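> Could you fit the two chains together into a complex? Lean on the hints.
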Amino acid sequence: MNGTRKNANAAPDFAAPDPKALEAIGRALEAHYADLVQAPLPEKFVELLARLEAGDRASEPQGSGDANG
Amino acid sequence: MPTASFKDGLLGEIKNLRAFAISLSGSVSLADDLVQEALLRAWSNSEKFQPGTSLRAWLFTILRNIYYSNYRKRAREVQDSDGFYARRLTVPGDQESHLDLEDFRRALTRLPAEQREVLTLIGASGLSYEEAAVICEVGIGTIKSRLSRARSKLAELLALDNASGTPAERKVRRAG
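These protein sequence lines map, in sequence, to chains A and B. With this note's numbering, letter number 36 in the first sequence gets 36, and the count goes up by one each step, no holes. With this note's numbering, letter number 163 in the second sequence gets 163, and the count goes up by one each step, no holes.
Next comes chain B alone, as it looks inside the complex (with noise of 0.2 Å):
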């Protein structure tokens, strides 16, 4: 039976495996199921989690494994539609270059899944390379060559590359 520690554990885990979830599957529906899931299977697989390695990573890779077998269709189809994407909030930062968290969010929907999940694992939940690799089972080359993608796709999604004026100013010539 798993110790009160592992369920301590968990109970820490949950707003990250949350977080992971929704930006994974863009729906907080969805990830709610999902997590609801990859607790129930965390739980009754306890003895397969080794203390000392990262219980992060094994919730998420747990969670992922869940999303790619059963929810990716489905997440096709709710995505959006929950509203959760509606949400009007800015990303704080310099007035020159902060962006609109709504857009950023559309934009993170339409990339494809494998890269929306390397840029959640390392650029959001502080996993490292090697256990972004791990949680994708795939290498670490691959995982810097989905990142770099991801970023240049958004970049141009957002009209972030090259083009002249910061997205405020475009934003304002757009509307104009």
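Just chain A, with the same shape it has in the complex (with noise of 0.2 Å):
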């Protein structure tokens, strides 16, 4: 491709998709990440964050033990 632009500062390898195409894969690209993103969250996270929570206040007055599991 002889086009050039001003702001392209290395000559890529490849030909940027046009301006529709982009647009294409921005959306799918979004509805991609929100379905993941909307998608019902697994109890167990919340009860790792709990139980980490609950560990932690057990184990206060014993100081700061080894912290690498």
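These aren't lab readings, by the way, just hints derived from the structure by calculation. Model, not experiment: these values are computed from the prediction. Some hints here could point you the wrong way.
Stretches of chain A that chain B covers, calculated by requiring three or more beta carbons in the stretch to come under 8 Å of a beta carbon on chain B [claimed, not checked]: (1) 20-31; (2) 45-57.
Derived list of chain B stretches under chain A, where covered just means 3 residues or more per stretch with a C-beta under 8 Å from a C-beta of chain A [stated by the list, open to error]: (3) 32-42; (4) 100-107; (5) 142-152.
Only pairs whose alpha carbons sit at most 25 Å apart, straight line, appear in this in silico DMTMM-like list of lysine to aspartate or glutamate [unchecked claim]: (6) Lys-7(B) with Glu-43(A); (7) Lys-48(B) with Asp-56(A); (8) Lys-20(A) with Asp-103(B).
Each residue gets a CB set at the ideal place from its N, CA and C atoms; glycine is no exception.
Below, the structure is given as structure tokens:
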């Protein structure tokens, strides 16, 4: 391609998709991600944090033990 | 010990962390293991988090490190096998340029992880180029070039580039 753009500091060895394709990709990417974020959260993660919090509180008097697990 | 607000912060980020993990590993089951490990590591290293900086970026960094050191090989084996990408959904948009989400996800798994993560971080997770550069431990220029490579590879895989007709039209043509 001999179309040069001002801000292209390195000549890419691939063709840039056209604006419509970029738009479609952007929208698909957002939909993909939004679908994942909206999925119900497995209970186990909430439970894990609750356990960690409870565990820390229980071992607090012991002071700082080894934290590398 | 981590504060209650740190815990609330983690809680608020789990969904995003999981979405990033799934996008990166291509597998829900692997992603859940990754998220679990990342949360454990974040909890025991909470003092290293600097308040006022992005908790999301910090968690993504942790999860990404775990992925590249322990999970990358496993990911290649299980990718696509848990049926996650078999979900049928269509990306909303005008009729002309809609993409099937299943097609898109399949294409996404075919990108190198380095491209997939940059695409996800910037195109979906709402992180800045600067944050993505810190997370991926590369310069902003590298982030930008990975991003454009990722986009053009996707366009190629999804046959969006320069070919005549919209994806939907081509799909019909291919089927016919």
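> A separate judgement is required for each hint: does it hold in the structure or not?
Each hint tested on the structure:
Judged by the Cβ-Cβ criterion of 8 Å, the region 20-31 of chain A is covered by chain B as claimed, because 12 of its residues qualify and three suffice. Only residues whose beta carbon comes within less than 8 Å of a beta carbon in chain B count, and the region 45-57 of chain A has 8; three or more means the coverage holds. Three residues within the 8 Å Cβ limit are the bar, and the region 32-42 of chain B against chain A gives 5, so the coverage statement holds. Under a criterion of three residues with beta carbons nearer than 8 Å to beta carbons of chain A, the stated coverage of the region 100-107 of chain B is upheld, 3 such residues being counted.
By the rule of at least three residues with a Cβ nearer than 8 Å to a Cβ of chain A, the coverage given for the region 142-152 of chain B holds, with 5 such residues. At roughly 15 Å between alpha-carbon atoms, Lys-7(B) and Glu-43(A) fall within 25 Å of each other, so this suggested pair holds. Using a Cα cut-off of 25 Å, the hinted pair Lys-48(B) and Asp-56(A) holds, with the two alpha carbons roughly 17 Å apart. Straight-line distance between C-alpha atoms of Lys-20(A) and Asp-103(B) comes to about 17 Å, which keeps the hinted pair within the 25 Å bound.
Consistency note: the structure conflicts with none of the earlier hints.
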